[in-house]
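Novice: Below, each chain spelled out in residue letters.
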Amino acid sequence: SQQGEEDPQALSIQEGENATMNCSYKTSINNLQWYRQNSGRGLVHLILIRSNEREKHSGRLRVTLDTSKKSSSLLITASRAADTASYFCATDGETSGSRLTFGEGTQLTVNP
Amino acid sequence: GAVVSQHPSRVICKSGTSVKIECRSLDFQATTMFWYRQFPKQSLMLMATSNEGSKATYEQGVEKDKFLINHASLTLSTLTVTSAHPEDSSFYICSARSSHGYTFGSGTRLTVV
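Taken in order, these protein sequences are the chains called A and B.
Counting in my numbering, the first sequence runs from 1 upward without gaps.
Counting in my numbering, the second sequence runs from 113 upward without gaps.
If we strip away everything but chain A, and leave its shape as in the complex, we get:
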């Protein structure tokens, strides 16, 4: 069952702007991951943040995790048209075993 909620559901920005997507979850987690999915394609792993970490960077990506609020955010800086895709957070936790539970996703559109 889905436990994650993401907002916004859809985000449209101009190239060069930053995009912030948020994810909330309900149960205790071991890790939280962010994935990207181009339309009709599989998922591409972007970044993983462990439950004992608060922030992580990878290139133009910055992820934060607040376990007290059970929430995470993904920031994409200096966005490009090629960043247009759906972005999902996924958690694996103490009660879910090794299964990933996905959030509802954010559809990001970056206009050139």
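The set of hints was computed from the structure by calculation and includes no laboratory data.
Incorrect hints may have been included.
Said to hold, decoys possible - Calculated lysine-lysine pairs in the DSS-like style (CA-CA distance at most 30 angstroms, straight line):
| # | chain 1 | residue 1 | chain 2 | residue 2 |
| --- | --- | --- | --- | --- |
| 1 | A | Lys70 | A | Lys26 |
| 2 | B | Lys132 | A | Lys26 |
| 3 | A | Lys69 | B | Lys132 |
| 4 | B | Lys176 | B | Lys153 |
| 5 | B | Lys132 | B | Lys167 |
| 6 | B | Lys167 | B | Lys126 |
| 7 | A | Lys69 | A | Lys56 |
| 8 | B | Lys178 | B | Lys132 |
| 9 | A | Lys26 | B | Lys126 |
| 10 | B | Lys178 | B | Lys153 |
| 11 | B | Lys176 | B | Lys132 |
| 12 | A | Lys56 | A | Lys70 |
| 13 | B | Lys126 | B | Lys178 |
| 14 | B | Lys153 | A | Lys69 |
| 15 | A | Lys56 | B | Lys153 |
| 16 | A | Lys70 | B | Lys178 |
| 17 | B | Lys178 | B | Lys167 |
| 18 | A | Lys56 | A | Lys26 |
Chain B: place on chain A using the hints.
Specialist: Using the frame of chain A, we list chain B on its own:
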């Protein structure tokens, strides 16, 4: 890195027929494979977890007799949609866990007409 090959990428079948989707781990052994279904503009919903050499574990609401999962080897898991109906039209994605983390197949777009 780890690669999961999923075939076919697209399939159109007639209502009432069965369709088999394959996922192969190419450079690692996948003792566990996860099968997801994704409807348009929605998130991935876990259907079942397959373990090599044992019965799959299905999520609540997923009919095990309709979605047959076989995981007979450490590198191959298959999902067969039996007696497909138009409402089974969806995007099906497999995933396996390796030392590199979770790796996803490229997905199968199933259209039942």
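Novice: Which numbered hints are broken by the structure, listed smallest first?
Specialist: Hints 2, 3, 9, 16 not satisfied by this model.
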